[in-house]
Every structure is written in structure tokens, then in C-alpha cells.
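> Single-letter residue listing:
Protein chains: 2
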Amino acid sequence: MSLQTVLDTIDQSLPEATDRLLDLLRIPSISTDPAFKGDCDRAADWLVEDLKTIGFEAAKRPTPGHPMVVAHAGTEGPHILFYGHYDVQPVDPLNLWHREPFDPQIEDTAKGRVIRGRGSADDKGQLMTFIEACRAWKAVHGTLPGRITIFLEGEEESGSPSLIPFMRAHAEELRSDIALICDTGMFDARTPAIVTMLRGLAKVELTVHAANKDLHSGMFGGPAMNPIRVLTKILGGLHDDKGRVTVPGFYDDVEELPDAIRQQWQSLPFDHAGFLGDVDLSVPAGEVDRTPLEQIWSRPTAEINGIWGGYTGAGFKTVLPAEAHAKISFRLVSKMDPDKINAAFQSWFEAQLPADCTVEFKDVNGSPASVMEIGDPAFEKARAALSEEWGTEAAYVGAGGSIPIAGYFKEILGMDAMLIGFGRDDDQMHSPNEKYDMESFHKGIRSWARVLEKLT
Amino acid sequence: MSLQTVLDTIDQSLPEATDRLLDLLRIPSISTDPAFKGDCDRAADWLVEDLKTIGFEAAKRPTPGHPMVVAHAGTEGPHILFYGHYDVQPVDPLNLWHREPFDPQIEDTAKGRVIRGRGSADDKGQLMTFIEACRAWKAVHGTLPGRITIFLEGEEESGSPSLIPFMRAHAEELRSDIALICDTGMFDARTPAIVTMLRGLAKVELTVHAANKDLHSGMFGGPAMNPIRVLTKILGGLHDDKGRVTVPGFYDDVEELPDAIRQQWQSLPFDHAGFLGDVDLSVPAGEVDRTPLEQIWSRPTAEINGIWGGYTGAGFKTVLPAEAHAKISFRLVSKMDPDKINAAFQSWFEAQLPADCTVEFKDVNGSPASVMEIGDPAFEKARAALSEEWGTEAAYVGAGGSIPIAGYFKEILGMDAMLIGFGRDDDQMHSPNEKYDMESFHKGIRSWARVLEKLT
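As they're listed, the protein sequences go chains A and B. Mapped onto UniProt numbering, the consecutive letters of the first sequence carry residue numbers 1 to 456. Mapped onto UniProt numbering, the consecutive letters of the second sequence carry residue numbers 1 to 456.
Warning: the hint list may mix true and false statements.
When chains are identical, the list treats them as one kind, so a pair holds in a single copy or across two.
Claimed, not checked - SDA-like cross-link-like pairs, simulated, lysine to any residue; straight-line CA separation at most 20 Å: (1) K454 - D92; (2) K233 - W348; (3) K52 - A139; (4) K242 - L353; (5) K340 - H79; (6) K111 - E439; (7) K233 - H325; (8) K381 - Q4; (9) K443 - R262; (10) K233 - G243; (11) K233 - L353; (12) K37 - G315; (13) K410 - G391; (14) K233 - P15; (15) K233 - E350; (16) K138 - G77; (17) K213 - S282; (18) K233 - Q352; (19) K242 - D356; (20) K138 - T53; (21) K242 - A351; (22) K37 - D363; (23) K233 - A351; (24) K233 - T207; (25) K362 - A343; (26) K213 - V288; (27) K233 - V283.
Think of the hints as simulated: they come from the structure by calculation, not from any bench.
Could you build all of it, start to finish, from the sequences and the hints given here?
In C-alpha cells:
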């Protein structure tokens, strides 16, 4: 039977596929918060059961954290590994959601039909595009194409602490001809993309300590050092007036973009004004001598992702707190080493601490940037499949987000990884009111059917 | 009957007096948090009932916020007004309390017996010293001395929004020969004090807005402005390297201390090293050319009392938040005008905002500093009474905290106010594990009996 029959099956069964996704979205699998441990487990169980129904030998595999889901099918032909993650981001600030984050629904919007709910785009909707393509293929052909391993993680949003040990321990089982990763976006609403450059991430949480207890600002205000003052003073100097990060050595391992890549990017129809305009911003906040596209795809950043200290409730409390806190992350590019960056930041911070203050660092970790080798013919085959489905030339692009798994596949399993995804810029991943376009879901499933046909 | 009989009665009935205080401390009358509105009301009812038992005509008097308690006794002789407040500070961070804040108990510590619980020192324990002195006087004499008005507020810890309107509306009822205010401390553990200079307070809460929603730092990190970065950048410049506040015009209305007062202060046995050493600090954080005592009593400050933004829960979230927040307060001295200071701060802040960011200010209010006229003979009479009770010369001192009521008595009712209190530096007012020394409570009651005897 033909690819067309598979595509037709996908079209006809879209309502059922959507219902399955909604089921999965109802499970609040927030990996970073221990309160949701049972829900992460439940999401893994749901996926195992679903994969079994389409002929996979699927199992939940324990780790010291949340379980992996590993599923295998087929015994001959090219061996393809598919990676996705079933965990999701926290939902706060909850008051900015228009509906319950874990009560997903289909909504008709000015820009088309969307699936609304936490995890719809990142990454449950995306991973289900591949599973649904497999389901349709199986329904038409009676078997799955080639050999397929599905490898789903439950800790992607909390730093993937169990991933490397698990990959090391099960390297033989996981090693394949190529890895497909569905956790990225389209170049724009019409142009599919394969990501070949990904930024890395280094992160750290810190606490500044001053007095041994909270103090009354009437009694102690003046002589007693306020750790929030120290924190704002130091972090307020993290960027200079040109948008550059001031930590010494921060740019040492940042390589300039090859001219060929820069020219390709410059030819992309990237709407610099619209990109920021969509979120009510207009002036790029990064390095002043770089375009926004370069800032996102090829330049490192330092961001304060959270800050807190003192009294933050209703009303007022004239307190000088004993401590103040921040969560900081760095997006890394080219050869930047996360350990080296974290160490440089910590030294920079400590050197500025006044007498009487100390700092504690915790949750220090990170992963380097990834640059894919696009010489493998699979890249051009996949690009052709995507171009056919979307009726427009698919692009090789960079991505600002960190998907450490791509680097690990290369480093630990010696495999190339191909990052193909159908997310859009306005999906509000990690934000309130996350959504996934129905078109992304539908044509995403169809795209994978085409990719599988070309690769197997 | 003699004063000695009243003092003996106080000594004998201390256990019952302590039990009454513990009862009052069990009511969580946190005025700043609407969740405790009913408890504030309950504390007011408790006081009305108690005052009635010692012969006061007492009533709970409504305001748009928490009620006032007003009680009157006597028809002839000097008219004394006593002020205190029955509301207390919030209790967070709750995890730093060694026991439930509203389950008070008597504890024996290395420094003596203490009453532990939120409000024990600020201000329930202090206001009850006066009420217990009245009770003992009544028990011995059958009547209260002179004419006494007791005026208790329930919004002192949340900016006293109803106080001025209430005083204006009931000026005739409240106007007396002198006001006694019990919300201050001893100079040191052995030396009683009358406060003649009090710092004022200006405060404001602000929110910096950037993008129209929370953003993913992978997708937007670089080009999108992070409001936490803006907040730390601006607030990090609130103090210069000499500990001075950088807001233009901040010091315009700050007068230098008269030489006579500075000399008196310099002769006080203030343990500068010990003051900071007790809270594990060593280097004064205020203006470098001022002693810690001057910094607390006679110099203005700017403090960040709270800061929050982005993800502050367990784990990590690589978010660029849409907004970031801070609560700022200023301690004011001499002729500084709270409205002028708040306006100067807001202009200073707004002038530094980058394009694409806006700031909202709310809860902007304040009260000026107070300087008492100690020419009134009542001051020397009270100082003599205190010196007799404590066996050491009582001191005229300044105070770092803001007790706006003192200024209002002068401004609205044309009365002088005398601030006498028995708190100690280590009482942990506004902090976890607040306590009030049993000696403060006991000798505080005795002190008021002596003061009443001299003034009536």
C-alpha cells in the first residue's frame, strides 16, 4: 500500500488522535516539583500502554528520578530512535491562565484551531505526532517500518539528571542508525525546519546571607547590610551598556559564525520587528552589534530566571531579611563549557560580596551547545519529506533553546541526531496558556509518515 | 494608700497578668493580611472586655479598616491619653520559628525568663504593661488616677490608614494634657529611655513590566528584555559606594544633629560592635562617615524590603517573566517630606527604565519624622519615675523605627507625646521568635504605676 493510504488514514483518524493527546495532557507531569512525582509516573504508564496497542514492546524503566519509557518494534531495516519527553513545565503564575492548565481543550482562535493546555507544544503534542504516524503506518501496513526505538524521558524540564547514566547503562539497546528528536519548532508558520545548532545551558541557584535573622528596618536600617541590596547591586552589573555579559572570560570560547551560515540566515525571511512586536517589545536587549536572529541562535546569554527575598505578600513589612535568592541561567554557544561558565560566574559573584555577606550556590549544572553534522544523507531525505508535506522548502536553522539530548546522542552513543518539530513562536511554551496548533499536530503526524517512508 | 501598695499588688498578681497577656497573644491579629481580619476584630473585643473589668467605659469603634478601641475613666485631674496597638506583624518565614508564633509560652533562657510569641514585644506586651498598672491602681485605690483615655489601634503594622481620619473625627474626645505611647525600647537592658526623636517612613511597591507574557529563555533569551534584569540594574544603583542613597534631592531636607545632642549620644555607652555582632554582622552598611547610632537615630535610609519575580519554586524554570516586583521603604529624618521622597524615587526610577519597559507604583504612602519638645515638665517627671524604678538614670534617646502616631498627636490634637517602652534590642520584633522579657513586662507595669503617680 502506498504512503498516500497512510496519509489518508491519518486524516481520517485525526479526531481520535486528538482525544488521545487530550488524555495525556490531563496528567500534570511537572517534573521539577516533587509534589507531582506520582503524575509523572502516571504519564509514563499511559505512554507504555498506548505504545503496546500499536505493537511496541514497551516498558517503564526506573531511574533514581522519574522513569524512562523505552519501546522497540521491528527486527530488520534501518534502525531509527525517536526521542521526546513526557514531563512539562510548572504552571505558575496560575492567575495568568485563561483556563485550568491541565484541563486541555480545542479552541478556535483568530489564527486557527489550537490545542490549549500545559505540555500541548512542549512536548506531549510533539511526541504524539510521531506515535500517531506509527499508529497509522501500522494500521495500513500491519507492521511498523524498519526498526524503531522510542525513548521518552520524564526529566527534560528539570535538567535530565538521570539521562546520561541511563544512556550509558543501556547504550547497546539504544544505539541506532539515527536519532529523531521532536522538541523544536518551525522556522515560521509555513516553513518547516531542521535544527542544526542548539544553544547549551548552564544554571545555578544562589542565596546571599547577611544577618543571622530577619531584622526590623527601623531598629537596624542603616547599619545592617540588606542582602537584597547586595543581590541587586551584583546582579545589576551582570550586563554592560552594550548588552554584553560582564563575567570575565564569558566570551572566551564563543566562535564567530561561519560566513556561509550567516549568509544563509540573513536570507531567511525572519521578521525581526514582528518577532519582538508579538510580545509587545521593540528594542532587542542582547548585544547591540548582533541581529535578534544571531542573538537567539548563535550568541550566549545570562538571565535571571527568578529572584526573591524579604516580604512578598500582601501589604508591607519593613523587614531587612537574613537572605535573598536568585536563579540564574546562561545560554551557551559553540565551545563554551558549562562548568567553566558556572565557575567564572561564581568567582565573579563572590569577588563582589561585601564583608559580612556569604553566598551559597546550589543546583549547579549544565550542558554544552550542539552543532549537527548535516553531511549524513538522512538530513537531505528528511528535508525533502518536510518540503513535500508543507509545500515549501524546509530550512536548516539554529535554535535558542537547549536540548542537551542531541549532544548526548553524539557523545555517548556516537549517533547523529535530527531535530524536527512543529512548534510555533506563539505557542507560549513555558508560559501561561501554552497551545499547539491543530495544523502542527495534523501535518506533524503526516510529516513523520513521509520521513519514515524516506528513511526506511 | 501608698504607691508601695500598688507596686506590691503588681508583684503579687504578676502570674495572672502574664496569663492575660498570653490570652491576647493567642489571637493572630495580623493587620496587613486580609485573611486575619476576623482575628483583628477578636483582639479588639478582648481588649474592650478586659478594660471594662477595671472600670473603663470601653468600646470598639469602627473604621473602614480594623476597629479602634477607645476607653475612658475618671472625670477630674490631669487628662492622660495612652496609645498602643493590638495588631501584629506577619509571621513568615514560618520555618524559622522554633514554635507556633501564636501559641505563646514562658521560656527560661540564658538571659532570663521571656514571653515568646508574635506580638509579645510589639506591641501587645507593651500595651498590657499600662493596662496592668491601671488594674493594680484600681485594686488598691478603688479608682483610676486622674482622667485616663486608652486609645488602641489595629492598623499600626499596615500603615495606619484609618488613624488620621479617626483622630480628626474624634479630636475633642481624644485631646488630653499629654499622650503616653508604649511602643519603644530601653536604651539597653538596664537603662530605661524616653524617645525624643523618631524616624519617619515613606514606602512604595513597584512592578516593572516588559513583554506581554512570560517567555521561554531559549526562544527569546537575548533579544527580549528581562524585567528582573531591569529591576536589579536600577535598584542596584540605589546606594553609592559610600552607603549614601543616590536618589537626587534625597538629603535636601536632612538637618545635621545639634552638637549638644550629638555629644549626649556620644556619651551613651552604646556598644557599636556588639549591636551588629549580635546579629553576626560587623561592618556598618550605612553612610561611611556616620556612627551606627547616628545611622539608626538621625540618618535616612532606603531599603528593599521585598523583591520577587520569575520562577521561585523548587527546581528550575528557564523563564523570562513578564514582570518583576519590589517593595521599597525609606526611613526619614528631620524635615524630610514623605511625598517628596516618594516622588523623587519614582522619577529617579522611571528615568532609568529602558525602552519597552513600564513601571507601576502602588501603596505609596508615608509619614514624616517626629522630634519631641522636652520642655514640658511631664518629661522630667516621667524620667524621674523611670530612674527610680530601674535604679539608673533614664536617657533621652532617638529611635530608628517609625511611630507616626507621635507626630499626629502634635499635628492633629496639638498634644505632646512621650514615648516610653521596655522593649530590648534582642526582642526580634518583626522577626521569627519574637519575645518580651518577663523583666520588661514586670518592671514595665511598675514603671507606669510610678509615672501615673507623678503625673496625676
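> For each hint given before, does the structure comply? Return the numbers of the non-compliant ones in rising order.
1, 5, 9, 13, 14, 26
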